[in-house]
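There are 2 protein chains.
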Amino acid sequence: MITVRELAEKAKGASRRLARLSTNEKNNLLLAMAGELELQKKGITEANQQDMVAARAAGISGALLDRLDLNEKRFSEMVEGVRQVARLPDPIGEVVKQWRRPNGLEISKIRVPIGLIGIIYESRPNVTVDSAVLCLKAGNATLLRGGREAKKSNRALADALGNAAKKKGLPAEVVALVEDEGRESIPEMCRLEGVVDLLIPRGGQGLISTVLEHARVPVIKHAHGVCHIFVHRAADPDMAEKIVINAKCQRPATCNAAETLLVDQAGAEKILPRLVQALRTQGVKLYGDEAASRAAGEKLVCPANWETEYLDLSMAVRVVDGVEGALEHLEKHGSHHSDTIVTGDRVAAEEFLQGADSAAVYWNASTRFTDGGEFGFGAEIGISTDKIHARGPMGLEELTSYKYRVTGQGQIRE
Amino acid sequence: MITVRELAEKAKGASRRLARLSTNEKNNLLLAMAGELELQKKGITEANQQDMVAARAAGISGALLDRLDLNEKRFSEMVEGVRQVARLPDPIGEVVKQWRRPNGLEISKIRVPIGLIGIIYESRPNVTVDSAVLCLKAGNATLLRGGREAKKSNRALADALGNAAKKKGLPAEVVALVEDEGRESIPEMCRLEGVVDLLIPRGGQGLISTVLEHARVPVIKHAHGVCHIFVHRAADPDMAEKIVINAKCQRPATCNAAETLLVDQAGAEKILPRLVQALRTQGVKLYGDEAASRAAGEKLVCPANWETEYLDLSMAVRVVDGVEGALEHLEKHGSHHSDTIVTGDRVAAEEFLQGADSAAVYWNASTRFTDGGEFGFGAEIGISTDKIHARGPMGLEELTSYKYRVTGQGQIRE
Numbered sequence: 051m052i053t054v055r056e057l058a059e060k061a062k063g064a065s066r067r068l069a070r071l072s073t074n075e076k077n078n079l080l081l082a083m084a085g086e087l088e089l090q091k092k093g094i095t096e097a098n099q100q101d102m103v104a105a106r107a108a109g110i111s112g113a114l115l116d117r118l119d120l121n122e123k124r125f126s127e128m129v130e131g132v133r134q135v136a137r138l139p140d141p142i143g144e145v146v147k148q149w150r151r152p153n154g155l156e157i158s159k160i161r162v163p164i165g166l167i168g169i170i171y172e173s174r175p176n177v178t179v180d181s182a183v184l185c186l187k188a189g190n191a192t193l194l195r196g197g198r199e200a201k202k203s204n205r206a207l208a209d210a211l212g213n214a215a216k217k218k219g220l221p222a223e224v225v226a227l228v229e230d231e232g233r234e235s236i237p238e239m240c241r242l243e244g245v246v247d248l249l250i251p252r253g254g255q256g257l258i259s260t261v262l263e264h265a266r267v268p269v270i271k272h273a274h275g276v277c278h279i280f281v282h283r284a285a286d287p288d289m290a291e292k293i294v295i296n297a298k299c300q301r302p303a304t305c306n307a308a309e310t311l312l313v314d315q316a317g318a319e320k321i322l323p324r325l326v327q328a329l330r331t332q333g334v335k336l337y338g339d340e341a342a343s344r345a346a347g348e349k350l351v352c353p354a355n356w357e358t359e360y361l362d363l364s365m366a367v368r369v370v371d372g373v374e375g376a377l378e379h380l381e382k383h384g385s386h387h388s389d390t391i392v393t394g395d396r397v398a399a400e401e402f403l404q405g406a407d408s409a410a411v412y413w414n415a416s417t418r419f420t421d422g423g424e425f426g427f428g429a430e431i432g433i434s435t436d437k438i439h440a441r442g443p444m445g446l447e448e449l450t451s452y453k454y455r456v457t458g459q460g461q462i463r464e
Numbered sequence: 051m052i053t054v055r056e057l058a059e060k061a062k063g064a065s066r067r068l069a070r071l072s073t074n075e076k077n078n079l080l081l082a083m084a085g086e087l088e089l090q091k092k093g094i095t096e097a098n099q100q101d102m103v104a105a106r107a108a109g110i111s112g113a114l115l116d117r118l119d120l121n122e123k124r125f126s127e128m129v130e131g132v133r134q135v136a137r138l139p140d141p142i143g144e145v146v147k148q149w150r151r152p153n154g155l156e157i158s159k160i161r162v163p164i165g166l167i168g169i170i171y172e173s174r175p176n177v178t179v180d181s182a183v184l185c186l187k188a189g190n191a192t193l194l195r196g197g198r199e200a201k202k203s204n205r206a207l208a209d210a211l212g213n214a215a216k217k218k219g220l221p222a223e224v225v226a227l228v229e230d231e232g233r234e235s236i237p238e239m240c241r242l243e244g245v246v247d248l249l250i251p252r253g254g255q256g257l258i259s260t261v262l263e264h265a266r267v268p269v270i271k272h273a274h275g276v277c278h279i280f281v282h283r284a285a286d287p288d289m290a291e292k293i294v295i296n297a298k299c300q301r302p303a304t305c306n307a308a309e310t311l312l313v314d315q316a317g318a319e320k321i322l323p324r325l326v327q328a329l330r331t332q333g334v335k336l337y338g339d340e341a342a343s344r345a346a347g348e349k350l351v352c353p354a355n356w357e358t359e360y361l362d363l364s365m366a367v368r369v370v371d372g373v374e375g376a377l378e379h380l381e382k383h384g385s386h387h388s389d390t391i392v393t394g395d396r397v398a399a400e401e402f403l404q405g406a407d408s409a410a411v412y413w414n415a416s417t418r419f420t421d422g423g424e425f426g427f428g429a430e431i432g433i434s435t436d437k438i439h440a441r442g443p444m445g446l447e448e449l450t451s452y453k454y455r456v457t458g459q460g461q462i463r464e
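Just so you know, the protein sequences line up as chains W and P, in that order. As numbered in this note's numbering, residues 51 to 464 make up the first sequence, in order. As numbered in this note's numbering, residues 51 to 464 make up the second sequence, in order.
Check each hint, because a few of them may be wrong.
Identical copies look the same in the list; a pair holds intra-copy or inter-copy alike.
To be verified - Keeping only pairs whose Cα atoms sit at most 27 Å apart, straight-line, the calculated DSS-like set for lysine-lysine is:
hint: 1; residue 1: 382; residue 2: 216
hint: 2; residue 1: 159; residue 2: 382
hint: 3; residue 1: 382; residue 2: 218
hint: 4; residue 1: 147; residue 2: 159
By construction, these hints were calculated from the structure, which means they are not laboratory data.
Whole structure, please, built from the sequences with the hints as guidance.
Okay, structure coming up:
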């Protein structure tokens with residue numbers, strides 16, 4: 051049995067091969083991978099069925115079981131996703147900037163692959179393909195560790211991708227799948243300093259915490275989102291209602307769904323009853339402080355705290371004093387993910403947009419737009435809640451590094 | 051006594067104040083800091099003298115003692131450095147890119163401060179000022195932990211900077227100095243997740259290793275440089291000699307000095323005797339493999355390995371087979387810092403520049419140019435040997451993050 055380190059070293063070697071491929075070669079490889087997935091569809095689907103049977107036997111049900119299911123529709127979307135990535139522009143080789151020094155040195159800053167990217171994720175088997183091909187388009191090899199409940203599906207998917215690579219004369223380990231019995235490979239991946247260039251954990255707090263505990267390699271976290279809608283005194287009530295309902299209810303389990311409604315003290319008693327009613331109509335369970343209760347004209351239960359990511363149809367409501375009060379709340383309780391101000395007042399909007407230290411700050415739009423697809427990145431590997439390297443939706447550009455190319459005519463340093 | 055966490059939380063609060071300052075306000079603060087350093091010069095110099103006396107009593111001498119000495123010239127340069135940083139363009143607020151989505155959302159990617167930057171460094175007291183003001187120009191507060199041997203100097207310098215801040219109505223903790231008896235504050239700084247946004251260790255392997263062991267916050271390493279000069283068959287011999295001597299001898303203790311000379315097999319017996327003689331004339335101690343000995347026409351001692359960062363007048367010499375052989379050597383033994391090809395052949399140069407995975411790759415120039423000042427960044431906080439966030443010389447831009455500002459007219463996600 052190959053160790054995690056041995057597998058990672060093979061993948062690192064494969065990353066060097068990928069870094070030297072042309073855009074056409076990478077695109078052809080991606081199209082071959084899409085083709086190979088279709089060719090292996092029967093085997094992949096059978097493997098997925100075995101995972102489903104085992105999951106049911108282990109008592110898994112509901113949303114978790116659903117996520118594991120690689121059904122007809124998801125399979126087609128996954129394969130189409132690979133072809134879409136092939137069509138995206140290649141970020142590698144882009145001259146980010148170039149300049150000339152007084153001594154005649156010509157310096158260019160060039161986008162290059164990162165190298166080997168480790169990704170640790172949970173139950174969805176399609177993530178195996180989605181993340182491998184996005185990293186590959188940016189010239190990176192991947193070391194993937196998916197959820198154990200999807201182990202047969204992931205093996206079959208990685209085998210198909212690896213086969214396509216081999217047919218193109220590349221190592222199968224351009225996509226390397228880590229397999230373990232328990233969770234022992236996670237700390238091992240964290241310690242592959244000098245081999246893994248970046249580790250991206252995608253999952254719950256337990257996973258993130260384990261990774262941070264052990265990581266000696268750079269990590270970009272995809273942690274939680276406690277997103278806010280601040281309804282300012284100068285908000286258009288119709289727009290405020292539409293945005294609040296969308297941000298909370300359209301897909302409440304996502305990290306860019308709103309968890310907290312902040313209402314400006316000035317005018318709260320006018321707008322809050324309407325917002326509360328609209329949320330109730332959508333089946334939202336509301337929490338609120340005393341001021342919110344007064345403004346809403348009904349008793350709301352106080353939330354346990356203001357930092358909860360409900361991820362369901364629950365929302366906390368608080369009355370704050372103007373933009374400054376909203377910003378104070380964000381600073382103290384927010385997660386710096388996505389926050390919106392609804393207002394018709396340009397000065398207030400500017401103060402909020404400037405003052406909120408969030409990956410994405412919105413003026414008169416739903417927080418639900420924090421997404422690589424919605425931002426126009428073509429695809430995303432996740433949403434970074436860090437401020438280093440990448441912040442917010444991570445697309446192809448965020449999966450690159452850079453190097454400096456310096457051309458001289460014999461210059462030496464005096 | 052305030053704990054490291056309490057101090058860091060104050061500094062984090064101070065960072066929020068800095069993030070909201072205008073360029074003018076930051077520049078005025080920097081000029082006030084320069085003025086305050088001059089005002090406190092006597093006290094600072096006395097504190098430095100006390101550190102020097104204690105260091106001598108503890109048996110410290112030579113280069114280490116010299117680095118500790120904040121003499122007249124260094125003091126003036128340090129103060130002038132603060133004024134220079136005030137004159138640099140402000141990276142904050144820059145619109146990195148902006149675009150419009152089909153649904154009408156206007157998205158801008160804006161440069162913002164990182165927040166609180168922890169810096170752990172060794173004996174030079176002027177680093178306290180240099181790094182604090184560079185971070186501050188980019189809107190960041192700093193949590194500084196310098197060498198213990200400079201503790202009185204660092205305290206006096208940080209007090210001066212803090213006083214200037216207070217006179218401007220800002221918290222002194224825009225520059226927060228961590229003081230400890232031993233090294234216990236280093237692991238504490240590493241664990242300040244959510245408070246410290248970035249940690250930059252600048253020092254030897256022991257320090258880097260301690261930081262990686264404990265870090266739960268993002269780290270950008272400033273580790274070692276094993277830099278190479280590859281003299282290709284089509285090199286101009288005069289240029290090759292000039293570059294090799296400069297890269298090895300001009301300042302051998304720096305991370306961008308060359309440690310290994312790679313000579314192309316074709317023509318090695320013509321050029322190597324000349325290079326060996328020139329290096330010997332400069333007092334360089336040479337190591338080499340058998341092929342190098344044969345080509346040089348004299349017996350060279352084999353190096354213990356090809357990964358040593360000598361940091362003195364020592365150099366390893368190896369004969370390799372063309373660009374491909376040089377790239378193989380770099381991949382196996384290099385540190386991906388700075389590497390040069392000397393050649394008159396454009397195709398070979400392109401192959402090397404493309405294939406070498408180094409922070410800075412050079413064609414016909416000395417590796418010694420890998421430096422924020424030489425690159426035209428105005429100043430540098432160090433040279434990153436990581437590939438995440440910043441690679442190579444780190445100037446003001448590398449001390450920033452970004453956020454997305456999204457402006458709508460009530461858009462919701464369908």
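Here is what the structure says about each hint:
no.: 1; hint: 382 x 216; in the structure: between (52 Å within a copy, 24 Å between copies)
no.: 2; hint: 159 x 382; in the structure: between (38 Å within a copy, 24 Å between copies)
no.: 3; hint: 382 x 218; in the structure: between (53 Å within a copy, 25 Å between copies)
no.: 4; hint: 147 x 159; in the structure: both (5 Å within a copy, 17 Å between copies)
Of the numbered hints stated above, none is contradicted by the structure.
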